[in-house]
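Participant: So you can see what is in the structure, the chains are spelled out below.
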Amino acid sequence: MTSVLDVRHLVKEYPVRSGVLRRVTGSVKAVNGISLTLERGRTLGLVGETGCGKSTVGRCLVGLIEPTSGSVLLDGVDVSAMSGRELRAARRRIQLVFQDPYASLDPRQSVEAIVSEPLRLHGLARGSESARAAALLDLVGLSSSVLQQYPHELSGGQRQRVGIARALALEPEVMVLDEPVSALDVSVQAGILNLLEELQRELNLAYVFIAHDLSVVRHVSHEVAVMYLGRIVEYVDADTLYSAPQHPYTQALLSAVPLPDPRAERSRKRILLEGDLPSPIDLPTGCAFRSRCWKATDVCSSIPELRTTDYHAVACHNADQV
Amino acid sequence: MASPEPSPTSAPASASGATVKRPGFWRRFSRHRLAVLGAVILALLAIACYGAAFVAPFPQDQQDLLLGPVPPSAEHWLGTDELGRDYLSEILYAGQLSLSLAIAVALISTAIGVFVGAVAGYRGGWVDDVFMRITDLFLVVPAIALLALALQGLGPSPVSIVIVLSLLGWTYIARVVRGQVVSLREREFIDAARVIGATHQQVLMRHVLPNLSGVIAVNVALAVAGAIIVESTLSFLGFGVQPPQSSWGNMLSQASGLIGTPKV
Amino acid sequence: MNPVLEVEDLCVTFRYREGDVAALRNVSFRIDPSESLGVVGESGSGKSLACSAIMGLLPANATVTGSVRFLGQELLGASESTLRDLRGRRLAIISQDALTALNPVHTVGKQISEAIHVHDSSRSRAELRDRAIELLDLVGIPQASARVDNYPHEFSGGMRQRALIAMSVANEPDLIIADEPTTALDVTVQAQVLDVLKRIQDRTDSALMLITHDLGVVAGVADRVLVMYSGSVVEEASVDDLFYETSHPYTRGLLASLPRLDARDRSQPLYRIPGFQPSPADRPAGCAFHPRCDVVVAGLCDVELPLSIVAGPGHTARCHRVAIDGGAS
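Residue numbers (this note's numbering), protein chains in the order written: chain A, 1 to 322; chain B, 323 to 586; chain C, 587 to 915.
In short, the hints are calculated from the structure, not lab data. Hints may contain errors.
[As the list claims (entries may be wrong)] Straight line, CA to CA, 30 Å or less: simulated DSBU-like cross-link-like pairs of lysine-lysine:
1. K784/C - K295/A
2. K269/A - K295/A
3. K269/A - K784/C
[Claimed, not checked] If you want the footprint, here are the derived chain A segments under chain C, 3+ residues with CB under 8 Å:
4. 175–187
5. 216–222
6. 253–260
[Stated by the list, open to error] Looking from chain A toward chain B, a few residues come up when the C-beta cut is under 7 Å (computed):
7. Y14
8. V62
9. L64
10. R88
11. L96
12. A103
13. D106
14. R108
15. P118
16. L121
In this text, a Cβ means the ideal position worked out from N, Cα and C, and glycines have one as well.
All chains should be modelled from the sequences, with the hints used to inform the complete structure.
Facilitator: What follows is the structure in C-alpha cells.
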C-alpha cells in the first residue's frame with residue numbers, strides 16, 4: 001500500500017537580516033529536514049511547543065509556504081515540483097482546517113458563500129452549489145438553516161464546523177488540522193473531536209493533527225511525531241509514546257501535562273525543564289535540546305540522528321534502551 | 323448523507339426559537355443619527371443643485387441691469403451681483419459643476435488609490451516599496467503649485483481639472499488601503515481562500531476588497547469634500563474653472579472684491 | 587479562622603438599551619488564609635467577571651449588589667483610594683497577558699521596585715534593587731542580578747509571566763488573584779509557572795484564587811474548587827470531592843468530555859454536553875443548565891431555580907437532582 005502522504009526531508013529556511021541595509025546575515029531553519037508518512041484513514045499527531053515548527057510543516061504541506069527543499073508526495077506524486085494550474089488541481093486533495101474559527105472565515109460572506117466557494121473556484125457541482133453546500137453542512141452536523149447566516153452569528157463550535165465543511169467541499173484525501181480545537185471550550189471541543197473521528201471513518205480521510213495539547217493528540221492519533229526546534233525528536237505509535245517515551249524532551253513534555261485527577265497530580269513527579277527555549281538564531285551546537293537536558297553528556301555535542309528500532313524512532317544519544 | 327451528530331447543533335440565538343437575520347445595511351445606517359443627518363443634507367444639496375432648473379428662484383444668468391447689486395432681501399435671499407443676477411440661483415447652478423467635478427475626482431482618485439494600495443499591500447516586497455515611494459513623492463510636492471502649473475499646461479477645462487486633481491488625490495487612499503490590506507493579508511481567511519485554490523486575483527476581488535468597503539465609502543465622501551475645496555481654491559486663484567462657466571470657486575473670486583466693503 | 591475574602595450574594599447586572607442582563611447571579615464563597623481556591627468554567631460562565639467585580643474594575647453600565655469583604659473590610663462601594671491602597675499591596679492580581687501588563691519602556695527591575703515603592707517609600711534605591719533581584723530569583727529567573735536590568739521584550743513569554751508574578755507578590759499580599767495565568771503558555775512553561783506560584787504561596791502564606799478553564803491545572807493547584815456556569819456557582823467542593831464525588835451534572839459532563847492523557851480506552855467517543863451555554867440575555871427559566879442536562883426532572887428543573895444543596899461536608903451543588911437523590915451520586 002502506498003502512503004497517501006509522504007514528506008521527505010522537508011526544510012524551510014528563513015533569512016535573518018540585520019543592520020541598516022537589512023542584509024541577509026544568516027538563516028533560521030524553522031523546519032530542519034523532517035520526513036513523515038501517512039496512510040489512508042490514519043491520524044498522525046504532530047506535537048511540540050511554540051516555535052517548534054509544527055505549524056510551518058502544516059503550511060508547507062498545503063502550499064501556503066514554499067519549502068526551501070524537500071518534497072511532498074501525494075499518492076506517490078511529487079506536488080512540490082508542480083506549479084500553476086496543475087498544482088492547484090493537485091492541492092485539492094490536501095486541505096487545511098485552521099486553528100481560529102473566528103479569523104479563518106471571511107466576515108463578509110454568508111455560510112453558504114463560504115462553503116460553496118471551493119466548489120465555484122474549481123467548477124465542481126455546477127448549478128447545484130447550494131444543494132451541495134447544504135449536504136456538506138449536514139455532514140458536519142449543522143442544519144441548513146445556518147446557510148444564510150454570517151460567521152459572527154455562529155458560536156465557536158459552529159464556525160469550526162463551517163471551516164471543516166469548507167475543507168471537505170473539495171473531497172480531499174488528506175486534511176491538515178492545525179490546532180483545530182485549541183480555541184474552543186472543553187465541551188465544544190469534544191463535539192469537534194468526535195465529528196473528526198466520524199468523518200475519518202466515513203470518508204477514509206488521513207489526518208495530520210497539529211496540536212500542543214498532548215491529551216487531545218493522544219485521543220485522536222495513531223502515530224505521533226514530537227518536534228523540538230525544527231526537528232522530529234521522537235516518532236512512534238501513540239500508545240508507545242505515552243506509555244514508554246524515549247526522548248528526554250518527550251518525557252518532560254508528558255510530565256508537564258496537568259491531569260484532571262487530583263490524587264495522580266499529588267503523587268506525580270514532574271520533570272521541570274531548566275531555562276527557556278533557545279533562540280532559533282543561536283541554537284546550541286549538536287543536539288538542540290542539550291542546553292535543557294538533564295541527561296546531556298559529551299556525546300550530545302554531535303547532532304543525534306533519528307534512529308529507528310522496532311518502529312520507534314528517537315533522536316537522542318542517551319535514549320533509554322528498549 | 324447521514325448527520326454524524328445525533329442532535330444537530332443549533333445557533334445560540336435560534337435555540338430560543340428566533341432566527342437572527344443580519345441587520346441590513348440600511349437598518350444599521352438608519353440607527354446612526356449623525357449619518358442620517360449628513361445623508362439628508364447631502365441629498366438636499368444634490369437635489370437643489372441638479373434640480374436648479376426647478377428649484378432656483380430665477381433662471382440661470384437672468385440679468386436685471388436696472389436692479390444692479392442689492393443686498394439680501396425677501397426677493398433675492400442672498401442678494402444680486404452687479405448685473406442684477408440672483409446669487410442664490412447662481413450658487414445652485416454653479417454647484418452643478420462644482421459637485422460634478424468633485425464627485426468625478428473622488429471616484430477616479432479612489433479607484434486609482436484602491437488599486438495601488440491593494441496591489442502594494444497584497445504583493446508586498448519590491449512592488450510595495452516602489453508604489454509607496456511614489457506616494458511619498460506626491461506627499462512632498464506642493465500640490466497647489468503643481469496643480470497651477472499643470473492646469474496652465476493642459477488648459478483649465480473641467481476635464482483637465484478632473485484629471486489633474488485625480489492624479490494628485492489618490493495617494494491618501496492608497497496609503498490607507500495599503501495599511502488595511504497589509505493587516506488583512508495576515509488574517510487566516512485569506513490563507514483559507516488560498517488553500518481552497520483561489521488565485522491572488524480572486525483573493526483580492528472576493529476577500530480583500532469587500533472587507534474594505536467601509537474604508538472606501540468613507541474616503542469617497544471625504545474626497546468629495548476635499549475636491550470641492552481644492553477646485554474652489556484653484557478657481558479662486560484663477561487657475562480653475564474660467565468664466566463664463568461658473569463654479570463656487572470663481573464666484574467667490576468674483577465676489578472677493580466686495581468682502582469687507584459696506585453695503586451700498 | 588477569619589476568611590481572607592468573603593463574597594456574599596454578589597450580583598452583577600449590565601444595563602443595555604434592550605434591557606438589563608444579569609451576568610452574575612448570587613455568587614457566594616470564601617477563601618481562608620493560605621488556601622487555594624480554583625474557579626473553573628467555560629468562556630462566558632462569569633468567572634473573569636467575578637474577578638473584575640471583586641477588584642472593582644467593572645464598566646460603567648454595570649450595577650453590583652451583594653458584599654465583598656476582604657480581611658473584614660467591605661470593598662463594594664469603598665473609595666477609589668482605599669481600593670488602590672489594597673490592590674498591589676494586600677491584594678495582588680496576575681493577569682493572563684504578561685506582555686501588556688508590563689510596561690515596555692521600563693526595565694523589569696524598575697517596575698518591581700516601583701510596585702514596592704508606591705506602598706512603602708521608606709526603602710532606598712539600592713534596597714529596592716536588591717529586593718527586585720531577590721524576587722526575580724525567587725520566581726526562578728536565571729542570573730537575576732543581570733536580568734533585573736532587562737526590558738520586558740528581552741524576556742521570553744514564560745519569563746515575563748514569572749516577572750509579573752514577582753511584581754505582584756513584591757509586597758507579600760494576603761491574596762493573589764490569578765486570572766488564567768498560564769493560558770497563553772506552553773505546557774513545560776506552564777509547569778514552571780505553576781510551580782513558582784505554589785512555591786511563592788508557601789513562602790508568603792498568601793491565599794490564592796486561581797481562575798482557569800483547565801480542569802487539569804485546578805486538580806494540581808487548588809484545595810477547593812468553584813464550578814461556574816452561566817453566571818452562577820453550580821458546584822463547590824474540595825478538589826477531591828469535585829473530581830471523585832462529582833454532584834452536578836454539568837461538572838460530570840465537563841469531566842467526561844475531556845480527552846485524557848491517562849485514558850485506558852481511546853476507542854470510545856468523548857461525551858459531548860448537547861447544546862450551548864445560554865447567553866445571560868436569554869437564559870432558560872428554572873435551572874440554566876436544564877436544556878442540556880441528562881438527568882433533568884421535568885416540571886421542576888425547567889420551572890424553579892435550584893438552591894445550593896449540601897451534597898456532603900463542604901460540598902454544595904445547585905441542582906434539584908442532588909436534593910432528590912440526597913447527596914453525591
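Participant: Under the criterion of a CB-CB separation shorter than 7 Å, is A103/A in contact with chain B as hinted?
Facilitator: 4 Å, holds
Participant: Tell me if P118/A is really an interface residue toward chain B, meaning its C-beta lies closer than 7 Å to one of theirs.
Facilitator: Cβ of P118/A sits 4 Å from chain B, so the hint holds.
Participant: How about R88/A: closest beta carbon in chain B under 7 Å, or not?
Facilitator: 5 Å, holds
Participant: A closest beta-carbon separation below 7 Å is what the hint needs, so does L64/A meet it against chain B?
Facilitator: 5 Å, holds
Participant: Was the hint right that L96/A lines chain B, CB cutoff 7 Å?
Facilitator: 5 Å, holds
Participant: Between K269/A and K784/C, is the straight-line Cα distance small enough, at 30 Å or below?
Facilitator: Given that 30 Å is the threshold and the Cα spacing comes to 15 Å, the pair holds.
Participant: For the stretch 216–222 of chain A, does the count of residues with a C-beta closer than 8 Å to a C-beta of chain C reach 3?
Facilitator: holds (count 4)
Participant: Quick check on V62/A please, does its C-beta sit within 7 Å of some C-beta on chain B?
Facilitator: 5 Å, holds
Participant: Does K295/A sit within 30 Å of K784/C, going by the straight-line distance between their CA atoms?
Facilitator: Since the Cα atoms of K784/C and K295/A sit roughly 26 Å apart, the hinted pair holds (cutoff 30 Å).
Participant: With a cut-off of 7 Å, does the beta carbon of Y14/A approach a beta carbon of chain B closely enough for the hint to hold?
Facilitator: 15 Å, violated
Participant: Holds or violated: L121/A as interface residue toward chain B, Cβ cutoff 7 Å?
Facilitator: OK, holds: L121/A within 7 Å of chain B, min 5 Å.
Participant: For the pair supplied as a hint, K269/A and K295/A, is the alpha-carbon distance within the 30 Å limit?
Facilitator: With a Cα-Cα distance of about 17 Å, the restraint between K269/A and K295/A holds, given a limit of 30 Å.
When each numbered hint is compared with the structure, a violation occurs for hint 7 only.
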